[in-house]
Amino acid sequence: MKRWIDVGLAALGAAIIASAPGTALAQRKGGDVVIAIVQAPPSLDAQVTSAQVARNVTLHIYETLYARDEKAKPVPELAEGVKISEDGKTYVFPIRRGVKFHNGKDLDANDVVASLERYRKVGASAALLNAVDTIRATNSHEVTIALKETQSIFLDNLSSPRAPIAIYPAEEAAKPANQINYIGTGPFRFVEYKPDSHVKIARFDGYVPNPNATGRDGLAGKKEVFLDSVTFRFMPEAGARNAAFEAGEVQLLETADGPTAKRLESNKNTVIYKVLPFAFQVIKFNHAQPPTSDVTFRLAVQAALDMEEVMAISYPDIYQMDGAWLYPGAPFYTNEGVSKYNKADLEAGKALLAKSGYKGEKLTFIVDNLRANMDTATVVQQRLKDIGVNIELSVADWPTVSKAGFTPTGWHFWTHGYGIEPYEGPASVMAPWVNGTSQQKRDETIDRLYAALNSAMDERKARQLFVEFQAHMYDDAVALKAGNYGLFQIGTAKLKNFTPYRIPRMWGVWLEQ
Amino acid sequence: MVRFLAKRLAGAVVVLAIVSLLSFAIIWLVPGDPTAAFLDASATPEQAERLRRELGLDKPILLQMLEWYSRILRGDLGHSILLNRSVAAAILERLPITLSLAGVALVLAILAGVAAGLVAAVNHNRWLDQTVMTAALFGLSVPDFWLGIMLILLFSVKLGALPTGGFVPLDEDPVGWLRSIALPATTLAVIQVGFIARMTRASMLEVLNQDFMRTADAKGLTRLDVVLRHGLPNALVPILTVAGIVAGALLGGAVIIEQVFAIPGVGRLIIGGILSRDYPVIQGGLLFVAVIYLGVNLVVDVLYAAIDPRVRLQ
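Protein sequences appear in the order of chains A and B. Every position in the first sequence, counted from 1, becomes a number in my numbering once 28 is added. Every position in the second sequence, counted from 1, becomes a number in my numbering once 9 is added.
No wet-lab data here; the hints were simulated from the structure. Among the clues, some could well be false.
[Said to hold, decoys possible] Okay, derived cross-link-like pairs now, DSS-like style, lysine-lysine, Cα gap no bigger than 30 Å in a straight line:
hint	chain 1	residue 1	chain 2	residue 2
1	B	Lys16	A	Lys522
2	A	Lys524	B	Lys167
3	A	Lys302	B	Lys68
4	A	Lys290	B	Lys68
5	A	Lys431	B	Lys68
6	B	Lys68	A	Lys149
7	A	Lys203	B	Lys167
8	A	Lys390	A	Lys99
9	A	Lys296	B	Lys167
Here the structure is a predicted model, which is why all the values come from computation and not from measurement.
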């Protein structure tokens, strides 16, 4: 016997809730919105990059079989739904009929198979499909995926927006990484990419919206486009971005600093959006090297740090104090196991440090040159000085630091944000610590919990496993979560019905004259 | 003259050989690699390794070096990892933008710099001289990125007269081109105006004390005629050398200005290449800039030798 997961209904419910405000406003077709973004996307081949800046653009052009709704739950997008066999190893996806690619071709099962197979070869997060055994077109509009073993998070993986498993026409999916024509089924079609200048996308008039969706809903839902086109302008210099916005050349700043948001707050032609939470600030330890390999040392650091101080300095006006390793409102969100969060207890820190093997040697804190990360590192350095920990900061650019931080020597602390992982859910939050990837030494508890979560089809059991993981992160001070931070987005008041999300969604919004 | 040219060319070839080696050595000297631009913070080393293979970065370094030299000797600067196109094409596409920016800045700098220098020299030790020289010092000292932002605030945000950034090609819309280039070219020119003004003043002061200038005065020529027809041409030799240096400096300065004004020129290409570790772009870009510098210096050397025979006899 097979059972249907009627995710369509869930999507409908979420979509109604998400779309409620704003729909009564006078919608208007036309106009070009210019969005200032800080850098150029490394590629518009959505499958091969997990860069946030690429997602901002590509999730307007391409769609996936399943996508995340407003609360990040997987819901059908190009699939009508899914039929999962009782042993949890076979997934049958009926593909929506009548969906058109931007080149006019109809979407069918062969396009889906070719795209998924391509992702397994060149996808930036190809491990998302590691559990897949075979992918077959079982009829013109049905795809059957057989898994090697049960994987409870398979639909989460399939709908991951990180490096989206975008569905391309089969002939494009046959091409190597970065060699495709940018053709998808999304509500916008690709127009031009001027390197170092901008990407332009335009409304796809042949777009076939998901008939089961009624309103804007996360990265899924009804994608109704009113704008003629959207231009993503690459503007690395913050001052120039802000000036372009104030001069009316740009209608939306994808990110702005606190002082700019404050300055423009009183301007009636401007709307300030707070995207909070957008990410976690995490302080990582290198477990492969003493003294951070010593759990007592790590607990001493955990006890001593004042996370409110860290967040208030690093992200003034846009932070939340929260010890949970998921965003508030997420399905598995819980505060169980976080009692050791933000104790800010110097005496306890000193006592624990005395019990550890630390003898005052100089430790290295690697950090990239992003202002907030440097602030976090500096606050931690100064605070730990008070309990006798001697830290030296080593600042470099992101490519340098991200390479160094995945080696077992040369560093003790590293801080940066985790944004998309908590959005994706418990498995993605756990994944960076599996096999000792981020801490450079295997942690059997985490490996065991992750394997169990992967195969736990029962939601209650999965929830319990995540609670155990969260408690373990604090009990062993595997890494420290400082808090949630957000970002300011600034838009012109003429941009109507815009609601900030993980990407600046340009469907469902219009420009007032 | 032929010997002089041959010596200069041989020197240029040696410099190019050294630059080409240093350009290649970037792969070892700069930590990190291009995978960081494609992947986010929680990408595993395995994912990065897979991507390195996809991008062809896993080949032995000696093989990569052989490939590099065989390529550049054929005039092929390689293939950009991020742009997915040849580096030469990417540079050539952006070169007119950078050249027009640097060219307009050079014209502005020479016109304003020479004029300011002349005014200062003719009014030596008077208040006008002091004012011009103080302004020149200010121009030399002000950071160009700060000046750029200030000009944007004034002319774009407050007055709404000029665009804040971006570039309009000349053949598409000449007026739009002029508007898009006005602020960045002015910003770029300001430092060089100060430099050229000081050089012109010094050079003119030397010429103004020469006998032939007194003779010209004695002939009853107007002061303007004396300065422009007899003084300026004789003061031009050092100014020409300075103009060569300035041309190189403007190309270098364009790197920052292109960032501030979001102009898609060669500088921005190289900065983007460095930040994302797009090795072929960094290597090809460096080599290209070195060739431009050498070319400009060579032209200046030759012109200098042509004007002043003492140079080629040394």
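Margin query: Hints numbered earlier in the text: which of these fail when held up against the supplied structure?
Written below: 1, 3, 4, 7, 8
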